[in-house]
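Listed below, chain by chain, are the residues.
There are 2 protein chains.
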Amino acid sequence: MSTITKKDLIDRISDATQAKRVVVKRIVQQFLDEIVAELEADNRLEFRDFGVFETRTRTARVAQNPKTLERVQVPAKRSVKFKMGRLLKEKLGSTPSVEQPQEV
Amino acid sequence: MSTITKKDLIDRISDATQAKRVVVKRIVQQFLDEIVAELEADNRLEFRDFGVFETRTRTARVAQNPKTLERVQVPAKRSVKFKMGRLLKEKLGSTPSVEQPQEV
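In order, the protein sequences belong to chains D and X. The first sequence begins at 1 in the numbering used here and counts up one residue at a time. The second sequence begins at 1 in the numbering used here and counts up one residue at a time.
Because the hints were derived from the structure by calculation, they are not lab data. One or more of the hints may lead you astray.
Remember, identical chains collapse to one label, so a pair may be satisfied in a single copy or spanning two.
In the SDA-like style, the derived pairs of lysine to any residue whose C-alpha atoms are separated by at most 20 Å in a straight line are [stated by the list, open to error]:
| no. | residue 1 | residue 2 |
| --- | --- | --- |
| 1 | 6 | 23 |
| 2 | 77 | 58 |
| 3 | 77 | 57 |
| 4 | 91 | 49 |
| 5 | 77 | 44 |
| 6 | 91 | 60 |
| 7 | 77 | 90 |
| 8 | 81 | 56 |
| 9 | 83 | 2 |
| 10 | 89 | 74 |
| 11 | 89 | 54 |
| 12 | 67 | 31 |
| 13 | 81 | 49 |
| 14 | 89 | 59 |
| 15 | 7 | 83 |
| 16 | 91 | 41 |
| 17 | 77 | 38 |
| 18 | 67 | 55 |
| 19 | 77 | 43 |
| 20 | 89 | 76 |
| 21 | 6 | 89 |
| 22 | 81 | 59 |
| 23 | 81 | 60 |
| 24 | 77 | 55 |
In this text the structure is predicted, and so the values were computed from the model without any measurement.
All chains, please: the whole structure from these sequences, using the hints.
So this is what it looks like as structure tokens:
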């Protein structure tokens, strides 16, 4: 298992599409920035085949420190949920009940 | 809350960067395809500020139908986990303990 960076993909895409590296870099960065901005606005991003990004909000709650009995307000927290799309699911072979169920 | 598609972002990026729509489309699609291929190979993708994509594998197990007592082999299943990066976390304000803890 290795770690792939944005730079790795920009180099590869530049080679594959013959587009200038600086152009690819700007477009990829803009693409990621747009996703961040939309998630910040609580919008949902749906990329066919690839997947869906959406925000989840955990509501605010009061927590208590069991030792000091001190109560602390924990504010609402947003996080991002990614859900695999059709192509990605297929490639990862994640439909086991269809793919290779076997009686034992 | 609205849903944003790949086409929406391609149009926007094309407007913002003055790059031809067809070029933006090819680069964005190539970017997503590369991510899929790397996840298929169980590699990890780390995009600074944005976040990390990686695969998780649930190991194969034997399940039993409680009515028929039939045993079925459930194969291993891979899924994709997305972990928010620094910028995305900041934008979503998801560091509550630092941001606005209050005693009640």
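Worksheet item: Can you give the numbers of the hints that this structure goes against, from lowest to highest?
Response: Hint check: 12, 18 fail, others pass.
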